[in-house]
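Now for the letters of each chain:
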Amino acid sequence: MSNLKGKRILIAKPGLDGHDIGAKIIALALRDAGAEVIYTGLRKTPGFIARVAVDEDVDAVGLSLLSGSHKELVAETMQELRKLDAGDIPVFVGGTIPAVDRAELMDAGVMAIFTAEMRLDDVVAEVARALTPVQAA
Amino acid sequence: MTTVAKSAALDELAIPPPAPRTPSGIDVPLLATPDMVREPDPGLPAQFPFTRGIFPDGFRGRLWTIRQYSGFGTAEDSNARYRFLLDQGQTGLSVALDLPTQCGYDPNDPMARAEVGKVGVSISNLSEMEILFDGIDLSKISTSFTINGTAAIIYAMYCACADKKGVPRAKLTGTIQNDILKEYVARGTWIFPVRPSMRLIADTILFSNDATPRFNPISIAGAHVRDAGSTAVEEMAYTLANGLAYVDELLRRGGDATKFAKRLSFFFYVHMDFFEEVAKFRAGRRVWAKLLRARYGIVDDKALHFRFGVVCGGSSLSAAQPYNNIVRVGIETMAAVLGGAQSIFTCAYDEAFQIPTEFSAEIALRTQQIVAYESGISKTVDPLGGGFYVEHLTDRMEEEILKVMDDIDAYGGVVKAIEDGWLQMRLAERATERRRKIDSLDTIIVGQNAFRRENQTDDFGEVFKLDPKGAARVLEKFEAIRARRDNAAVQKSLDDLAAAAANDGENLMPYLIDCCHAYATVGEIVTCLKAGWGEFQEPVRL
Numbered sequence: 000m001s002n003l004k005g006k007r008i009l010i011a012k013p014g015l016d017g018h019d020i021g022a023k024i025i026a027l028a029l030r031d032a033g034a035e036v037i038y039t040g041l042r043k044t045p046g047f048i049a050r051v052a053v054d055e056d057v058d059a060v061g062l063s064l065l066s067g068s069h070k071e072l073v074a075e076t077m078q079e080l081r082k083l084d085a086g087d088i089p090v091f092v093g094g095t096i097p098a099v100d101r102a103e104l105m106d107a108g109v110m111a112i113f114t115a116e117m118r119l120d121d122v123v124a125e126v127a128r129a130l131t132p133v134q135a136a
Numbered sequence: 000m001t002t003v004a005k006s007a008a009l010d011e012l013a014i015p016p017p018a019p020r021t022p023s024g025i026d027v028p029l030l031a032t033p034d035m036v037r038e039p040d041p042g043l044p045a046q047f048p049f050t051r052g053i054f055p056d057g058f059r060g061r062l063w064t065i066r067q068y069s070g071f072g073t074a075e076d077s078n079a080r081y082r083f084l085l086d087q088g089q090t091g092l093s094v095a096l097d098l099p100t101q102c103g104y105d106p107n108d109p110m111a112r113a114e115v116g117k118v119g120v121s122i123s124n125l126s127e128m129e130i131l132f133d134g135i136d137l138s139k140i141s142t143s144f145t146i147n148g149t150a151a152i153i154y155a156m157y158c159a160c161a162d163k164k165g166v167p168r169a170k171l172t173g174t175i176q177n178d179i180l181k182e183y184v185a186r187g188t189w190i191f192p193v194r195p196s197m198r199l200i201a202d203t204i205l206f207s208n209d210a211t212p213r214f215n216p217i218s219i220a221g222a223h224v225r226d227a228g229s230t231a232v233e234e235m236a237y238t239l240a241n242g243l244a245y246v247d248e249l250l251r252r253g254g255d256a257t258k259f260a261k262r263l264s265f266f267f268y269v270h271m272d273f274f275e276e277v278a279k280f281r282a283g284r285r286v287w288a289k290l291l292r293a294r295y296g297i298v299d300d301k302a303l304h305f306r307f308g309v310v311c312g313g314s315s316l317s318a319a320q321p322y323n324n325i326v327r328v329g330i331e332t333m334a335a336v337l338g339g340a341q342s343i344f345t346c347a348y349d350e351a352f353q354i355p356t357e358f359s360a361e362i363a364l365r366t367q368q369i370v371a372y373e374s375g376i377s378k379t380v381d382p383l384g385g386g387f388y389v390e391h392l393t394d395r396m397e398e399e400i401l402k403v404m405d406d407i408d409a410y411g412g413v414v415k416a417i418e419d420g421w422l423q424m425r426l427a428e429r430a431t432e433r434r435r436k437i438d439s440l441d442t443i444i445v446g447q448n449a450f451r452r453e454n455q456t457d458d459f460g461e462v463f464k465l466d467p468k469g470a471a472r473v474l475e476k477f478e479a480i481r482a483r484r485d486n487a488a489v490q491k492s493l494d495d496l497a498a499a500a501a502n503d504g505e506n507l508m509p510y511l512i513d514c515c516h517a518y519a520t521v522g523e524i525v526t527c528l529k530a531g532w533g534e535f536q537e538p539v540r541l
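Just so you know, the protein sequences line up as chains A and B, in that order.
Read in order, the letters of the first sequence correspond to residues 0 to 136 in numbering that gives the first Met the number 0.
Read in order, the letters of the second sequence correspond to residues 0 to 541 in numbering that gives the first Met the number 0.
Hints were generated in silico from the structure; no laboratory data involved.
There may be inaccurate statements among the hints.
What the hints assert, rightly or not - Subject to a maximum C-alpha distance of 20 angstroms in a straight line, what follows is the list of computed SDA-like cross-link-like pairs (lysine to any residue):
1) B:Lys-170 <-> B:Arg-213
2) B:Lys-468 <-> A:Asp-100
3) A:Lys-43 <-> B:Asp-108
4) B:Lys-436 <-> A:Arg-30
What the hints assert, rightly or not - Residues from chain B that keep clear of chain A, each with C-beta distances beyond 10 angstroms, as calculated:
5) Arg-37
6) Gly-375
7) Pro-382
8) Asp-405
9) Pro-509
Glycine included, each C-beta is placed from N, C-alpha and C at the ideal position.
Starting from the given sequences, assemble the full structure and let the hints guide the process.
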């Protein structure tokens, strides 16, 4: 099992989408892997999410979107993070993200995109890999 | 197109044969025998407790309603799709509304901006609904609205729309989902706290029983809880528990149980375990009738009838090898018919990841027509009745459903369980368990976690494209109606509504209809009610 001990991760639901079970499953899986997970609950604005990320000093932010509004809301959340000088906090995205939109999100600096077909252990491993500094040889 | 990362570990796992348990965890006998059945004679359809169905002639008198959930973009876009579906032989409409409309925000609200017209059509006021149903005869077509937090407003708008078109309200048929309890647990479009929400629901039902007696003012839904992760047993148990909570509220507000119970309807998912799904519906029908009779002394058969619609697909579908979903939906449709559903919505094969195209929507519709007109399974009533396995499983489902309902009672009832976040937590744990079972190959999803092709690409054909100018057009129309309407009349209707909302003895429906006639917007009406009632505070528990 991947180790996320000592890592703080914010899982957030931006916008009006009420499908929160994926967010909760990921939150529970990350917690099982040792992370301290903060979950925002539903219907949060990008500004609110960025503020919580900074206040809670998190190592990563996971955004869950199944409403088709991922392009707008992910970009806005990253913008809000930058406004708070927290643009270096990695952001990963999960939910219903059509293939045609994935490149654009990755180009915008998203750390990873997770969809419903992926295994939980793989999701956790990828988050862990991204949050572990590369060791010098 | 879609390429799902292939997991190396997966290839090393052998794919085991299916375990001899249903997804709800009920043991499946190798061979079912007569001694496994509690009641050797399952009775007759249309006879208490209705295990075999509520109609004596099954689907011979009338087929189920073919009702495809649809709606996107502007009212004009959705009106065109509805006319297409009706031209293709669909028999009822099912309106998908966008999230701002569902959550009570006008299209110009900062919370709404990114979501106007995305997952459904934007209907912010009566002028939009008039466009939505342009050229559609509301006295002939039944319309179902998947609407909850703002259900009373949308229903009021539908009445006002009928008034404007000169259709007598008494002729309206259709359904509003109007089931707020499951929104708190699984679907998330709640607005007000639980108690005023329950009042609003009771008001719609009591008003509808007189004003629109052929309309279903509630569709108590297990579908969303199921799709989020519950088992079939829990889906039925939570839904029946919610149903009883509505009955109690209706009685508190002076309703006559025999009268309102006739208009309560239900809504469920059908997932892939064929016999468990059939047994779930047979057991649900039986449990509901028995509970209403035992708890409330209802004896009128019609008031004991468990009428339900279903949706086939949802989270049982996969974005991996997406055309396989057509087969899944076909199997699920057969389970729905053999379970005795009154209306069916079949998901399109691409519905797991986009709004269906006209092409995929047509295949979903044809799936039902093939089952209805070619398969022959609708010709005789409850053809699986009396089968040892199906009767055994129906008995077992009934026992397990009652056990889960007892758990909820022991906690303090469904309202408390929701306000505390207990039910939500239970669901999250169950969903994680379901996920783990897929990951461990305990649950097989062909093409996703097993039987994948080398270098599989999950191409699904046509990509649905929402008109990018739709949201801007919605906003333009919104500003135009606000400039055109009589703003003094709007304010008066809202003031009257606020006064009525403060008085628990009033039924709010006539006030809401007045607001809609004045072209008050969904956002204005919700803001007015929030001022008096406040908002639901989500219990965030992990």
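For each hint, the structure was consulted:
1. For the proposed pair Lys-170 (chain B) and Arg-213 (chain B), the alpha carbon gap of about 7 angstroms is at most 20 angstroms, so the pair holds.
2. Distance restraint check for Lys-468 (chain B) and Asp-100 (chain A): the Cα-Cα separation of roughly 18 angstroms lies within the 20 angstroms cut-off, and the hinted pair is therefore satisfied.
3. Using a Cα cut-off of 20 angstroms, the hinted pair Lys-43 (chain A) and Asp-108 (chain B) holds, with the two alpha carbons roughly 14 angstroms apart.
4. Between the alpha carbons of Lys-436 (chain B) and Arg-30 (chain A) the distance comes to roughly 19 angstroms, so the proposed pair stays at or under 20 angstroms and holds.
5. Against the 10 angstroms criterion, Arg-37 (chain B) stays outside the reach of chain A, whose nearest CB is about 35 angstroms from its own CB.
6. Non-interface call for Gly-375 (chain B) relative to chain A: holds, since the shortest CB-CB distance, roughly 36 angstroms, exceeds 10 angstroms.
7. With a least CB separation of 35 angstroms from chain A, Pro-382 (chain B) remains clear of the 10 angstroms interface cut-off, as annotated.
8. Remark: the non-interface label on Asp-405 (chain B) is consistent with the geometry, its nearest Cβ contact in chain A lying 25 angstroms away (cut-off 10 angstroms).
9. The claim that Pro-509 (chain B) lies off the interface holds: its Cβ sits roughly 29 angstroms from the closest Cβ of chain A, which is beyond the 10 angstroms cut-off.
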